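Going down the list, the protein sequences come from chains A and B.
Numbering-wise (numbering that gives the first Met the number 0), the first sequence opens with residue 0 and increments by one.
Numbering-wise (numbering that gives the first Met the number 0), the second sequence opens with residue 0 and increments by one.
Honestly, the hints are just simulated from the structure, not real lab data.
Hints are not guaranteed to be accurate.
As a list, the in silico DSS-like pairs of lysine-lysine whose alpha-carbon atoms are at most 25 Å apart [to be verified]:
| hint | chain 1 | residue 1 | chain 2 | residue 2 |
| --- | --- | --- | --- | --- |
| 1 | A | 340 | A | 251 |
| 2 | B | 186 | A | 184 |
| 3 | B | 352 | A | 101 |
| 4 | A | 101 | B | 355 |
| 5 | B | 302 | B | 186 |
| 6 | A | 251 | A | 272 |
| 7 | B | 211 | A | 184 |
| 8 | B | 375 | B | 94 |
| 9 | B | 437 | A | 184 |
| 10 | B | 302 | B | 206 |
| 11 | B | 99 | B | 375 |
| 12 | A | 184 | A | 101 |
| 13 | B | 352 | B | 99 |
| 14 | B | 388 | B | 404 |
| 15 | B | 275 | B | 211 |
Computed from a predicted structure; not experimentally measured.
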Amino acid sequence: MIKARWGKPFSVILIILSALCIITTLVIDAAGMTLSYRGHALIAGIVGLAAGFYFLPVSEARHIKIINVLFLIPMVGTFAVTVIIPFLMGIFYSTTDWDGIKFENFVGFENYINMFKEPDYLYSFGITFLFTVVNMALVNFFAFALALLCTSNSKVTGFCRAAFFIPNLIGGIVLGYVWQFIFNKVFILAAPPSMLTNANLALVAILIVSTWQYSGYIMMIYITGLQTIPKDVIEASGIDGASWWRQLFKIKIPMIANTFTVCTFLTLVNSFKQFDLNIALTNGAPQRVIDGRAVYATEFLALNIYKTAITKHDYAIAQTKAILFFVILAVISITQVVISKRNEVEI
Amino acid sequence: MLYKKRLFQGAALAVISALTLTACGGGTGRSSSAVSNNTKANTSTSSGTSSTTNTSNSADTSTTTTTNSSTPIRLLNGKVEIDEQLQQYASNYEKKTGQKVIIESVGGGVDITATIKNYNAAGNMPDIFVTTPGDLSQFRDLYYDLSNEPWVQDTEAEMLDSEGRVVGAPYAVEGIGLVYNADILAKADINPDTLVNINEQRAAFEKLDAMKDELGLQSVISVAAESGQMYWSTGNHIFSAYLTMGVDVSDKTLLNDLLGGNMDAERLGHLADYFKLLCSYADPTVLLSGTYDDQLALFAQGKAAFITQGNWIDPSLPTYGATFDCGILPYAMFEEDTSGVTADAPSWWAVFKDGKNVPASIAFLNDILMSDEGRKMFVEDAGAISAFKSSKYAPSTPVSANLFKRMQAGPTYAWDWSFLPASISQNSLAPVFELYAKDEITRDQFVSMIMTSVTDYVAENQ
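Next comes chain A alone, as it looks inside the complex:
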């Protein structure tokens, strides 16, 4: 009864007050004033706004719709604060001369042009693509080979699976330093100087460690794929006299084509984003001379972006590079989704 008489003005007043509260706190924050209770006021405003809409006396159907929207707020709010707003801020900063502390000018799209004038960035692009392609091939080859081994009828497959998977559980930074030790202190005994001091061999070194680290993980996905192949098909083909190789190429691989797509894209994206191993193992070194300039020979794109921001203090350019990085990864991921969808339809 109370609800019927007071509900509407109560809700409307609550909505208006809460909205005012939110606007005031946002204005205070934008103006740079640091009142310690502005955060609490903002939260109170949002909760009040939610309550106002909640108690609004409307039809049951509308009420349910309002509730649906209200329950979205925590998720959408979190997503906005952690992903959408920083992303928009990133695009904003890429059009300024931000140095990490403050910016003075808007430069429009200048950063997007200037970044391609840096020879080390272009080099990073090239070396990253090279690494991505080779790493993708190596990881998938070894992962599939290991998966075949670990699905064969042997007593030690369980142990092998665990053994191959474990490197993936160790973080890339730790692995990087461990392998740096191995390259610089152990392998060097057999063949000095260290692989990490040669511009070409250092890339090979990263490929070795990356393959070693990631193959076990991809292997697990291939094993799952291989286990979905019906045993009767294999047995039937065996009775028909198909050799192991014939079974592999004519039955197993076609039947897990989908798994290949998934693994290819997974390694593609992961190789392209390679950072932790890169910074720990070589930190970009050694040097290569290109066009009369010293260029860090194993500095992949992610590390180049990091170094542009952190050691060259050029946050705006780094942000611009990061956006291009995002666009490339988004295109790859969307391609993957489209291809996977198409395959699903076929099956």
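Got chain A; can you put chain B on it based on the hints?
The following block gives chain B in isolation, referenced to the frame of chain A:
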């Protein structure tokens, strides 16, 4: 019934939203305060004079280590070598005054400017942080003006900003150069005091190289020129010879020319020859892929007669069981004698202007720099050389003691690399040194590549 149910639902919803948004609210507030740092009103204008009394007032309030005082002070120390000594001093200070001081040490190739920048962006700035003049252009809004602090009159090594304000307190003077193992030189009958030009040094290296087996040496010199981790050793320390070797402390012509885009090719050529000389007598493994630990181990275990470091290696020598006597020589890259040593304040401590605890931070800073215990700690425990004229402590550790002796005999050369744009060693200098150490470029290429990369970097960062 329906109303009750709704009320319950509403309460649940409110709690969930509040919980989620509390985290969000904190996040937005922090990031915006970092962005609008320079627009914020600075309320901390109380000077250091009131804060110095703070120490004595609260001296007897607490003798326990409980945190009864206000927020702890955080000090970001850039010398991981003296971390233990600072921790000890901080805990004594807390016992004495009740003020808790947290020492955070970074070092060993960590880019400190970047670390501070990240702290600042995250709204997590330490109250006292290590800084160098290379940071001035970026951090000028973060420094508290220390011009009126008592120690300013007692030193010549304070850090000034472009307006002449004192923004950094020197806590030690350090020397860089060719550190030698005096025992090995004595066995080889070489008098270190004569090794002050390139010919004398070359002759000594040759002699030691011939006696390697007899002296148990693996190589004559321990040099590390890998650019990924050791960029500071080549790009800052060895390059400093170009800026200051044989130059009077007050003469900044070479530095200013460099900042104006001009470099002396002939002088760079001397540096190239000298660096090549060091490399040709260096252990190839340490030279190309060694870390600081590898470089130091070679010297400290007596397997190398020289090391291209400085007096900061003193506290680390005992960990290798080194018992030999040491000394330090200049990077004598000329045929003429350069008999002085390169010594300067390596970095400075600045106070964060917008810190929560500015007066207490200044009180701690003044205490550690001015008090007898503080000076004793720096010199006797940390093996440093005091930056203050009135300090009565002479260092006792081997390299520092020798450096102190040579500094008093004079002359002293500055090391002006800290005035170069931040991170120039990593981005422009060390890469070229590495290539030259590996013989991938010629002497002429070394000179021209250093010149182009430095001029470009200076132009980009000013």
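Determine which of the earlier numbered hints do not hold for this structure and return their numbers in increasing order. Hints 2, 6 and 12 contradicted; others consistent.
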